Amino acid sequence: MKVKYFAWVRERVGKAEETIEPPAGVGTVDELIAWLSKQGEGYAYAFERPRVIRAAIDHAHVKPDAAIAGAKEIAFFPPMTGG
Amino acid sequence: MKVKYFAWVRERVGKAEETIEPPAGVGTVDELIAWLSKQGEGYAYAFERPRVIRAAIDHAHVKPDAAIAGAKEIAFFPPMTGG
Amino acid sequence: MTNAVTIRIQKADFDTAREIAALTAGRTDIGAVVSFSGICRGDEGGEKIAALALEHYPGMAEEEIGRHVDEAMSRWPLSAVTVIHRVGTITPGENIVLVVTTSQHRQAAFQAAEFLMDYLKTSAPFWKKEESASGASWVEAHARDDAAAARWTKS
Amino acid sequence: MTNAVTIRIQKADFDTAREIAALTAGRTDIGAVVSFSGICRGDEGGEKIAALALEHYPGMAEEEIGRHVDEAMSRWPLSAVTVIHRVGTITPGENIVLVVTTSQHRQAAFQAAEFLMDYLKTSAPFWKKEESASGASWVEAHARDDAAAARWTKS
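Protein chains in written order, with numbering that gives the first Met the number 0: chain D, 0 to 82; chain W, 0 to 82; chain E, 0 to 154; chain P, 0 to 154.
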């Protein structure tokens with residue numbers, strides 16, 4: 000599964016994208032955030048306030064309880080500030 | 000007192016402006032409309048539905064019960080359709 | 000920050016792009032620009048329009064627009080406002096009216112432009128006559144325009 | 000009547016006038032054109048801004064804007080919609096975003112433009128970083144933008 004990071008989430012994690020294989024038991028966006036935040040200091044910093052983080056699966060916004068099964072691309076980013 | 004007419008009020012009255020001297024007793028816009036509508040066929044036609052007619056005194060919209068004393072210029076016209 | 004107001008009533012066409020540029024060129028204090036252009040349509044309720052004849056009340060029209068621009072300036076933090084209204088003969092596809100508002104914030108610019116258009120429609124002394132194959136007739140005021148203007152009235 | 004949709008995400012600046020003209024030239028079925036330009040301001044809360052760096056999520060940004068344009072088209076009778084959003088480095092006074100809507104009626108054009116701007120602010124995947132003398136910092140989302148977007152949600 001491909002994961003992408005944007006804005007300060009990208010800066011804190013230290014990379015723009017990577018391919019991950021989360022263990023069985025990681026079934027939702029929430030659970031993926033919890034698992035990612037244990038993958039190192041940068042991850043812990045990026046996800047220190049999980050409620051601030053927004054997620055998208057295959058280019059569509061999703062809520063924290065969304066299932067990640069079948070996702071090709073999951074993205075994490077701060078609240079958007081375009082326009 | 001100068002009176003101006005616009006749009007179909009102008010067309011029906013048959014002139015764009017004139018100077019009038021209404022008799023004592025004609026104190027409000029309403030009363031002026033009633034008096035004007037007796038000044039000929041064109042006037043009667045222009046003012047046949049007095050509630051549709053809008054009035055302005057010295058370039059400001061006024062209501063039918065507005066006093067005309069002291070007015071330099073009174074205008075009569077249909078509802079506006081600009082923009 | 001200058002509070003620049005431009006109000007013009009003219010027979011000639013105007014250039015929307017130039018009017019927008021005039022309010023923004025060289026400035027770094029404006030975050031939002033809203034423009035509204037009203038254009039003469041080629042048919043109205045299924046009938047083909049050959050032209051519009053636009054009549055106005057010289058003097059009062061400028062003053063009435065000025066009063067509403069002043070009110071918009073007092074209601075919203077605007078940097079500048081331009082209102083241009085054409086009179087005379089206007090053919091389909093041509094501009095009739097332009098409102099441009101600029102502000103630091105988009106909501107002020109949007110609201111002020113809508114407010115000004117709603118008031119131009121219902122209280123600025125302009126009248127439209129439509130010329131078509133079946134003759135010329137004065138456009139009737141729409142109740143929906145009165146309703147649109149009424150929403151800005153302080154209760 | 001064509002329902003023309005233009006969505007562009009680009010580094011280069013755009014010409015507001017040309018985009019408006021592209022939607023209206025030679026047409027007589029459009030009565031109302033609303034344009035919104037968002038411009039980079041030179042200071043933010045008293046601090047001088049040297050530049051904005053705009054990051055986006057390629058692919059999703061286009062799709063997300065497309066979904067909202069489709070929704071605007073289904074809510075209001077629009078003739079055409081153009082949305083252009085710049086990315087990369089933008090300096091004060093330069094354009095950031097453009098929305099142009101055209102319709103037979105002004106209220107549809109105004110409402111659709113506001114709707115699209117509110118959604119661009121809160122749900123299109125773009126992020127602004129401000130560069131100033133004291134360093135670079137990511138712009139925080141405003142609660143007022145969420146509130147503005149919420150008013151379009153069907154209840």
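Hints listed in this document are in silico derivations from the structure and should not be mistaken for laboratory results. Treat the numbers as computed from the prediction; the structure is a model and nothing was measured. Keep in mind that the hints are not guaranteed to be accurate.
[As the list claims (entries may be wrong)] Cross-link-like lysine-lysine pairs, in silico, DSBU-like; alpha carbons within 35 Å at most:
hint : chain 1 : residue 1 : chain 2 : residue 2
1    : W       : K3        : E       : K128
2    : W       : K1        : E       : K128
3    : D       : K3        : P       : K47
4    : P       : K47       : D       : K71
5    : E       : K10       : W       : K14
6    : D       : K37       : P       : K47
7    : D       : K1        : P       : K10
8    : W       : K71       : W       : K37
9    : P       : K10       : D       : K62
10   : W       : K71       : E       : K47
11   : E       : K47       : W       : K3
12   : D       : K14       : D       : K62
13   : P       : K10       : D       : K71
14   : W       : K1        : E       : K10
15   : W       : K14       : E       : K128
16   : P       : K10       : D       : K14
17   : P       : K47       : D       : K1
18   : W       : K62       : E       : K128
19   : P       : K128      : D       : K1
20   : W       : K37       : E       : K47
21   : D       : K3        : P       : K10
22   : W       : K62       : W       : K1
23   : W       : K3        : W       : K62
24   : D       : K71       : P       : K128
25   : E       : K128      : W       : K71
26   : D       : K62       : P       : K128
27   : E       : K10       : W       : K3
28   : W       : K62       : E       : K10
29   : W       : K37       : W       : K14
30   : E       : K47       : W       : K1
31   : D       : K37       : P       : K128
32   : D       : K71       : D       : K3
[Said to hold, decoys possible] Negatives, chain E to chain P, calculated, CB over 12 Å:
hint : residue
33   : G41
34   : D42
35   : E61
36   : A132
[What the hints assert, rightly or not] Interface residues of chain W toward chain E, partial, derived using beta-carbon atoms under 10 Å:
hint : residue
37   : R9
38   : T27
39   : S36
40   : R50
Built from N, CA and C at the ideal position, the CB exists for glycine as well.
Report the numbers of all earlier hints that the structure fails to satisfy, in ascending order.
4, 6, 10, 17, 20, 30, 33, 34, 38, 39 and 40
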